[in-house]
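Under the working numbering, the first residue of the sequence shown carries the number 553, and numbering increases by one thereafter.
Don't read these hints as lab results, they were simulated from the structure.
A virtual CB, placed ideally from N, CA and C, is assigned to each residue, including glycine.
Treat the hints with care, since some could be wrong.
[Said to hold, decoys possible] Pair by pair, the computed Cβ-Cβ distance ranges are:
| no. | residue 1 | residue 2 | range |
| --- | --- | --- | --- |
| 1 | Val728 | Ile599 | 27 to 37 angstroms |
| 2 | Leu850 | Lys778 | 14 to 24 angstroms |
| 3 | Glu730 | Pro704 | 11 to 21 angstroms |
| 4 | Leu852 | Glu730 | 33 to 43 angstroms |
| 5 | Phe840 | Thr733 | 36 to 46 angstroms |
| 6 | Glu714 | Lys745 | 17 to 27 angstroms |
| 7 | Gly711 | Ile599 | 40 to 50 angstroms |
[Stated by the list, open to error] In silico BS3-like links for lysine-lysine, alpha-carbon gap of 25 angstroms or less:
| no. | residue 1 | residue 2 |
| --- | --- | --- |
| 8 | Lys609 | Lys721 |
| 9 | Lys791 | Lys767 |
| 10 | Lys721 | Lys778 |
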Amino acid sequence: MAATDSVYRWLEGAGLQRFYNSFKNQGIDEEKFVNLIVSDYHGLGVIELNDRQTLFKLIQVVKKELENTPSTEMENEIPLNNGSLYPHRKNAAISQSTGNLEVQECESPPSPCVKADSKHRYRRAKKSSSMEDIQKSSLSGSRITVCVRKRPLNPKEKGKGEVDCASTKGDSTFFVTEPRTKVDLTKFMCTHKFYFDLVFDESVDNEQIYVQTCKPMVDFFFEGGKCTCFAYGQTGSGKTYTMMGPEGGNKVQNGLYVLAARDIFRGLKRHPNLIINVSFFEIYGGKFYDLLNGRQRLDLRE
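Make a model of the complete structure from these sequences and hints.
This is the structure in structure tokens:
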């Protein structure tokens with residue numbers, strides 16, 4: 553019954569219980585629930601932006617609670633902020649620095665309460681170190697996975713005395729610190745928290761990122777699958793460094809494209825019947841150029 557279903561309780565705590573039948577019909581259990589991604593929401597009937605945002609936040613909360621809960625029977629409700637079902641925290645000070653600059657955590661999203669009883673056994677959410685399991689767990693068999701890489705300050709930024717405003721925690725949490733000023737002109741630092749499928753800090757090199765992101769896709773490709781990997785970010789964010797490798801320097805470090813090409817051509821030895829076709833385009837200012845044909849201008853038809 554819905555009253556004893558954990559997925560229903562989670563949805564109810566976030567005010568999304570009206571979608572429960574869609575989840576039930578799709579066979580969404582506890583393990584599949586925490587592995588849902590944004591592209592799955594439409595198939596479950598979650599279409600409105602506010603509902604999609606609430607569901608995303610709910611999945612993050614449930615995932616975090618299950619990861620921190622032993623795989624044993626729990627008899628009581630997990631308490632959150634004095635039992636409040638939707639504890640809002642606005643400008644809750646998390647630390648104090650010298651002078652008149654304080655560091656605060658900005659308004660946090662609601663944290664729905666997770667319940668359990670003695671009749672139900674929770675299974676800890678499975679954390680995968682690669683995208684292989686993520687790709688196979690999707691409802692439709694396709695998966696968009698967003699991975700974020702933090703870059704360090706470059707020499708020019710360090711020379712200006714700029715401060716690194718980004719930080720990471722674990723393999724899925726990214727923080728951005730923003731300077732703000734209150735109405736009374738008191739300055740403070742506001743910390744924003746973001747969740748992604750995978751997060752890499754500046755200590756991780758291209759080879760490690762490749763193993764955790766692209767390598768499983770190469771294996772999937774040889775099994776007959778279709779996959780795409782691309783980098784997105786503003787100028788100077790490190791796209792070329794990650795995808796092509798750094799230019800110059802004492803340490804040679806290949807990019808993801810080079811590493812993937814290496815493994816693809818190695819794989820051809822095991823699949824001599826396959827043929828590789830390569831295209832290399834540049835998209836700039838809405839215009840397309842063929843980089844393997846003297847930057848010839850191309851017309852995008854579809």
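Which constraints among the numbered hints does this structure fail? Numbers only, ascending. 10
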